[in-house]
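**Student:** Residue numbers (this note's numbering), protein chains in the order written: chain A, 27 to 635; chain B, 27 to 635.
Do not take every clue at face value.
No distinction is drawn between identical chains; accordingly, a pair holds when it is met within one copy or between any pair of copies.
[Said to hold, decoys possible] Mimicking EDC-like on lysine to aspartate or glutamate, the simulated pairs with C-alpha atoms at most 20 angstroms apart in a straight line are: (1) Lys607 / Asp622; (2) Lys535 / Asp77; (3) Lys34 / Asp518; (4) Lys613 / Glu374; (5) Lys565 / Asp595; (6) Lys511 / Glu569; (7) Lys34 / Asp544; (8) Lys162 / Glu374.
If you are wondering where the hints come from, they were derived from the structure by calculation, not from laboratory data.
Number of protein chains: 2
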Amino acid sequence: MATSTLTKLATRVRYDILHMTTEAGSGHPTSSLSATDLLTGLFFGGTFRFDLNHPQNPCNDRIIFSKGHASPLFYALYAAAGVLSQEELLTYRRMGSPLEGHPTPRFAYAEAATGSLGQGLGIGVGIAMNGRYVDKLLYNTYVLMGDSEVAEGSVWEAAELASHYQLDNLVGILDVNRLGQRGETMLDWELETYEARFAAFGWHTIVLEDGHNIDAVQAAYGEIDHACGRPTVLIARTIKGKGVSFLENQDGWHGKTLNREQFDRAVLELGPVDLNLHGTIEPPVEAVPAVWAPVPVDQPVSAKTLSPREAYGRALVDIAPTHPGMVVLDAEVSNSTFAITFRDAYPERFFEMYIAEQNMISAALGFSTRGKIPFVSTFAAFFSRAFDQIRMAQYALDRANIKFVGSHVGVSIGPDGPSQMGLEDIALFRTLVGSVVLYPADDITTAALVRQMADHHGICYMRTTRQELPRLYKTGEEFPIGGSKTLRHSDDDRVTLVGGGITLHEALKAADTLAAADIHARVIDLYSVKPLDLVTLHKAAAETAAIITIEDHYAEGGIGEAVAAALSDVATPVFSLAVRKLPMSGKPEELLAYEDIDAAAIVRRVQEL
Amino acid sequence: MATSTLTKLATRVRYDILHMTTEAGSGHPTSSLSATDLLTGLFFGGTFRFDLNHPQNPCNDRIIFSKGHASPLFYALYAAAGVLSQEELLTYRRMGSPLEGHPTPRFAYAEAATGSLGQGLGIGVGIAMNGRYVDKLLYNTYVLMGDSEVAEGSVWEAAELASHYQLDNLVGILDVNRLGQRGETMLDWELETYEARFAAFGWHTIVLEDGHNIDAVQAAYGEIDHACGRPTVLIARTIKGKGVSFLENQDGWHGKTLNREQFDRAVLELGPVDLNLHGTIEPPVEAVPAVWAPVPVDQPVSAKTLSPREAYGRALVDIAPTHPGMVVLDAEVSNSTFAITFRDAYPERFFEMYIAEQNMISAALGFSTRGKIPFVSTFAAFFSRAFDQIRMAQYALDRANIKFVGSHVGVSIGPDGPSQMGLEDIALFRTLVGSVVLYPADDITTAALVRQMADHHGICYMRTTRQELPRLYKTGEEFPIGGSKTLRHSDDDRVTLVGGGITLHEALKAADTLAAADIHARVIDLYSVKPLDLVTLHKAAAETAAIITIEDHYAEGGIGEAVAAALSDVATPVFSLAVRKLPMSGKPEELLAYEDIDAAAIVRRVQEL
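Make the full structure from the sequences, and use the hints.
**Tutor:** Given below as structure tokens:
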């Protein structure tokens, strides 16, 4: 497309940005205007290749607006491409419109939800890894970043992994407009410092002194080398509010919209706008994604009972042949989480993501948007570090199909101390809308739940226990999501003990002790913490005098509160035994006793009632 | 101290590392051995200055083991310094011992808890900022980092802020031993890549090709320039397991201890060990910390009712004269959180931490360990990004005295959409042991609670509302932590409505509507979500037929579950109205209605009962 046409398209895009934000009364026009020429050039200058009629075409290039607040630009580009009408544009930020304040996949052309800054590059890493190593397609992935957001460490996690995996199909576009929300960025217009940082992180860098000169923009895209073995970043000096004199490079205009009078003045400055002018996006290079047909691996039967974490690794290997969409990611602890078992069997679908959990989650989301089933493992405690990325994944709607597996849960890991103990993981993952939270108490359950997770579309979390736990079930037993198992049961049950993982075994021991004193306790294995088996819990509430939950997790947001809330309309009391004191190093059994969540504590609690 | 003595001390330190880990049966000897010469040189070579008898002397240098798993080295150094006996060393990792698996301040010489990797440098940034800008003392801060952990983005957040704030009193020591937990790091022994990265982030770099040559180590420390306006990093090539032939540079020995036979062999290799040899640490440069005596600022009375976030900013200014220990940190959104009001009044105690939330939290912890009272603000949603740092802060025990303030909570922020909505913040902060969680519903409450937080020693969280909310209370009203306010009350109350923030106002509207239909509802302002006012809640449960909680927060881990759990032994049912559907952009009132948490939904729920 000729420069003059691109310039006219950029004017049209600017008009739409101002129009839709003024109409909405909120939004970020100035942050959109700075990147308008960069993105107009990308979309309509022949670089970006996309089939607008088939957004899920696997060969399409992908674009992620990491600076999600530039959503007016995002939508205006699709209007310029002819797939959004003026009427649709003007629904921006209205309830029910796909054009949300920050992009989400309610809009078909958004890959994922953005708006929490610094996450787009990691999503791009996952999409690029998928293209290079899994689907083996020639598509490229572009990520628009703001300069303020590259202060986020997650950007540098993505940067280091992108170069480590030689993702020359990944392109970052850095919109250096100098101004953040409340003033200057740390680096102002120091393009050379941004360049030095990306170069040190292994990137091919292209510096563009004027991100508003369409010819220069096009020349910069021409410098991208998709065969150089390195990701590329285009670092562009831009002007916030570009195109409207009273907005340009002005502090105090972040996240502010023009009123009608200002809008009219701005439009006069833009000059003639042709709303009938549409740009053309080049079609993708069509090809067929690689097919993975993993050969089943015969795993020798273990002589000993496996810990849940060991069972996790074996289960991943077992399900691979029936789940060719799966990929496995781990944060440099695969020999602890036992993801290593999968790596050894199927190295082509295992990705070492090193100690950079935020990027691992974003990359998993990237894989997921491309139709893969990522299993992501680390110590349960360390998911807390990436909880913003996890939170944002839910807003990717049905594109988020990630299986999180956290090992080393609870005080029962013992001597390593509290920094390594997952004690808030249930609370965190339960908050996600529609999430599944699972907690197996033996190796059979673990294996069954891994398969359940793979077959369930959506965000699932499983916490695995470090220790070997005695086997409770027979091979072939089924563990549907939302179910539970009642392991002790009689007509004389006076109390119900609800446990999961290691505390289920403590509950069983307590029930045996109580039975010797002729106190019968029902024992429920709450392997599905969310959703809960309400039928079984209500039955227990009706048939026994009290329910006691026992969990190796902090009291807040855990099993106790989940059950108490589920039974809050029932008169039967619910008591919670949980971790309430700050833990420390010690032996597992000492710590279970210290926190009053071992069999003895359960017996004491029952006797008190 | 002569090289020969330092060498002998290093041997003694190595012996203790092996001895204590073999005795404990767990721990990370090889990760300790790689840094032994670096740290022995630092401690006893005259660089590190510390008064061992007064660990809290404000003039002491500070050392943080960011690679917390090298705790055996940490403790062995203090044994070599003469403040830990052999008997004490051998309590390593035992229940009740201050020598935990990863350092915590149960050991008096640990500044904070480490063990979740990549956090130490940020803590060091806070301590160094305190020295430079607040206490104005000449102490230096040293941070030992592993090479695996610099994959964490949080390290690069700390790196960029350290250079931005010109912290030439901060020194990173990077132990490049090439091997992570499950194998090679991304960069192996590429010292030049580490150097390029730190240099690009504005650091003075010193590369040490042999981190085991004591003379070279000493020479490297001599190159530190505390007047160069830049932080320094010493990048040292080391060998994991150094000193024991069968451990050196071997994969598979991470986090593994020697058995007795291996220990005996290792000790033979070390050669003569003199356990009576002690090193001397240089004393600190004594000086008096700067005193801050802020002059009260007269704030004009606002003509309009303030939103809670606006009231927050003004309250910070109001309490400054009586709280000279306070510092205020914000993540580039101070004009949204209204921390900017404090910045404008007292710029000398305000620190812009840019969009790097993980480092902001770690730096706040650093300030807190030096006796300051940091107030830390950003959008509530974005604390989720730093929840590992927040989680770890609690393990700093009474050194964590941080006040977190999250703005923009709930779906009621409206058109910006879900990425900006704090909907899990209550759940997250409630999990922390001993935490305080507050939720003001008007400007008067906000101001009172800011003062309460400042006066309460420990971790506090307050969520503030974006919108203006009608004033409910009179100036001078008291809001003790753990209290509540009953705003509607009669002898005929049939139901109790429990709200906080914006939903309290919806509850009041609902109560008015219901009263018109002669249904009397008690209304409780649950401004203290943790701890709860159990007396008032139990009274309401006893006096009304049902309790309905209403919250602009996800159902899990929020107000509803907190109240349901607190009243789980009471027959009165508790019903929860909370955010249960994935939110989207819209008008605040539309979204409150969509989620069934507005006045109409409350009325409907009461009528259903």
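**Student:** Work down the list of hints and note, for each, if the structure agrees.
**Tutor:** Evaluation of the provided hints:
Proximity of lysine 607 and aspartate 622 under a CA criterion of 20 angstroms is satisfied intra-copy only: 10 angstroms inside one chain copy versus 36 angstroms between copies. Within a single copy, lysine 535 and aspartate 77 get their C-alpha atoms no closer than 61 angstroms, and across copies no closer than 51 angstroms, so neither meets the 20 angstroms cut-off. Taking the shortest alpha-carbon separations for lysine 34 and aspartate 518, neither the intra-copy value of 81 angstroms nor the inter-copy value of 70 angstroms comes in at or below 20 angstroms. Taking the shortest alpha-carbon separations for lysine 613 and glutamate 374, neither the intra-copy value of 39 angstroms nor the inter-copy value of 47 angstroms comes in at or below 20 angstroms.
When the C-alpha separation of lysine 565 and aspartate 595 is checked against a cutoff of 20 angstroms, the pair qualifies both within a copy, at 13 angstroms, and between copies, at 17 angstroms. Taking the shortest Cα distances, lysine 511 and glutamate 569 sit within 20 angstroms of each other inside one copy (16 angstroms), while across copies they are farther apart (38 angstroms). Taking the closest pair of Cα atoms, lysine 34 and aspartate 544 never come within 20 angstroms of each other, the shortest separation being 86 angstroms inside a single copy and 65 angstroms across copies. For a Cα distance limit of 20 angstroms, the shortest separation of lysine 162 from glutamate 374 inside one copy, 12 angstroms, qualifies, whereas the shortest one across copies, 55 angstroms, does not.
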